[in-house]
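So you can see what is in the structure, the chains are spelled out below.
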Amino acid sequence: MHELAVTQNIVAIVSEKAGKQKVTRVKLEIGMLSAIVPDAIRFCFDVCAQDTLLEGATLEIEEIAGRGKCQHCSEEMQLSLLAGICPCGSRDIVCLAGQELNIIEMEVM
Amino acid sequence: MCTTCGCSDDASPKIVNLQTGNSVSMLSDQDVDTSHHDHSHNHSHSHGHSHDDHDHTHNHVHEHGHDHDHQHTHKVSTTITLEEKILAKNDLLAERNRGWFEGTNILALNLVSAPGAGKTALLERTIKDLQNEFSICVVEGDQATLNDAERIKKTGCPVVQINTGAGCHLDAQMLAAGLKQLNPPRDSVLFIENVGNLVCPALFDLGEKSKVAILSITEGEDKPVKYPHMFRAAEILLLNKIDLLPQLDFDIELCKQYALSVNPKIKIIEISARQGSGLNSWYDWLRKQMRR
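So the sequence lines, in the order shown, correspond to chains A and B. Under the numbering used here, the first residue of the first sequence is numbered 120, with each subsequent residue one higher. Under the numbering used here, the first residue of the second sequence is numbered 13, with each subsequent residue one higher.
Mixed in with the good hints there might be a few duds.
Said to hold, decoys possible - Some chain B residues flagged as far from chain A (calculated, every beta-carbon gap over 10 Å):
no.: 1; residue: Asn34
no.: 2; residue: Lys101
no.: 3; residue: Gly128
no.: 4; residue: Ser147
no.: 5; residue: Gly232
no.: 6; residue: Asp255
no.: 7; residue: Gln287
no.: 8; residue: Ser293
Unchecked claim - Okay, the calculated bits of chain B under chain A, using three or more residues with CB under 8 Å as the criterion:
no.: 9; region: 88-94
no.: 10; region: 180-186
no.: 11; region: 208-215
no.: 12; region: 235-241
no.: 13; region: 268-276
The hints are simulated quantities; they were obtained by calculation from the structure and are not laboratory data. Note that beta-carbon positions come from the ideal geometry of N, C-alpha and C, so glycine has one too.
Turn these sequences into a full structure, and let the hints guide you.
Put into structure tokens, the structure is as follows:
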């Protein structure tokens, strides 16, 4: 699914930044509410990395838990879904964290 | 298709302009990068020989007159901080599209739904009812076939079809290429019919003003909570095929509650693209967007 397109983007960005250096490690940050399945990225990564500077590189994924803030009472809470209900009864919750989809760092040789 | 990287000519997006019959293939970044296809390999050979059928003495000395130089150094790895958004490139191209839409006063709407929810039927009807009021153009997205674009063409509306090949969604680059073919006029409405899919199109901004989600009542009322990203990203939800309500066990109030639970601000309109009920509310919403 879309994880293939996302992984192709990861490989393209890292390859560009690496210049001609071999990449040995890539670290990502994926929010648990981002609609991206980390295992699917891991699966696609090995395939997309073949015959690139990233071939054989270790992939590290840090998962970021969902966190939201009620727009009604300003209470902050954990979110396991993109939707939630605040103890005050409001459903108007803004997502503060959990939708990340970033490349944090890479290690080159 | 290349089994190494998954990229292939067959799978690269293709754009067909139904007015001119022009067909353009898009090369993705992966195709341009030919290094994918340099499959290098090394062989090391050991050369030995044996003497089975004759004896001889070796009275010369094997001298090694060369040194083995080790010229490689032990490289130290370096960590480079990137802090880069993975979809930054798409987001950048989407903003370019958005800027162009604003400058030309084009209302671009991204229609998203599961396959078969009635996006094309809604467009056919909308174009028929509003084409004297607005200038309307359509970009059709599907993995394959020109079927939807052919249906739109029959209404007399300019249309291009983007076939995404292996892709499960339109992205901003595909839309930009489609716009070059379509060349929509100023002060018009552009409907972008995305690939029927409730997951991936939510993630890829095209530069549209709003996403319009369409959910047909034959799909089940819990789709908004099953696919929350899509319904959260949409500004308006059209509940289609409402004429079939007497035949189904669809709890319309429960469906609305689910939709509002993932997106408290979503506007919901019940429609039947086939029979026409509720369409005036949809058209009023469109008129309001045009005036904004």
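Hint check results:
The Cβ of Asn34 of chain B sits about 26 Å from the closest Cβ of chain A, beyond the 10 Å cut-off, so the non-interface label holds. The non-interface label for Lys101 of chain B is inconsistent with chain A: the shortest C-beta to C-beta separation is roughly 7 Å, within 10 Å. At the 10 Å boundary, the C-beta of Gly128 of chain B stays outside the reach of chain A, the nearest C-beta of that chain being 19 Å off. Distance check for Ser147 of chain B against chain A: the nearest CB is about 33 Å away, which clears 10 Å, and the non-interface claim stands.
The Cβ of Gly232 of chain B sits about 17 Å from the closest Cβ of chain A, beyond the 10 Å cut-off, so the non-interface label holds. Annotated as non-interface, Asp255 of chain B keeps its C-beta farther than 10 Å from every C-beta of chain A; the closest such distance is 29 Å. With 10 Å as the threshold on Cβ separation, the claim that Gln287 of chain B sits away from chain A holds: the shortest Cβ distance comes to roughly 32 Å. With a cut of 10 Å on Cβ distances, Ser293 of chain B stays outside the contact zone with chain A, its closest approach being about 23 Å.
Requiring three or more residues with a Cβ within less than 8 Å of a Cβ of chain A, the coverage given for the region 88-94 of chain B holds, as 7 such residues are present. With a cut-off of 8 Å between beta carbons, the region 180-186 of chain B has 3 residues touching chain A; three or more are needed, and the interface restraint holds. A stretch counts as covered by a chain when three or more of its residues have a beta carbon under 8 Å from one of that chain; for the region 208-215 of chain B and chain A the count is 4, and the coverage holds. Taking a C-beta to C-beta cut-off of 8 Å, the region 235-241 of chain B contributes 3 residues in contact with chain A, enough for the three needed, and the coverage statement holds.
With 5 residues bearing a CB less than 8 Å from a CB of chain A, the region 268-276 of chain B meets the requirement of three and the coverage assertion stands.
Of the numbered hints stated above, the single one contradicted by the structure is hint 2.
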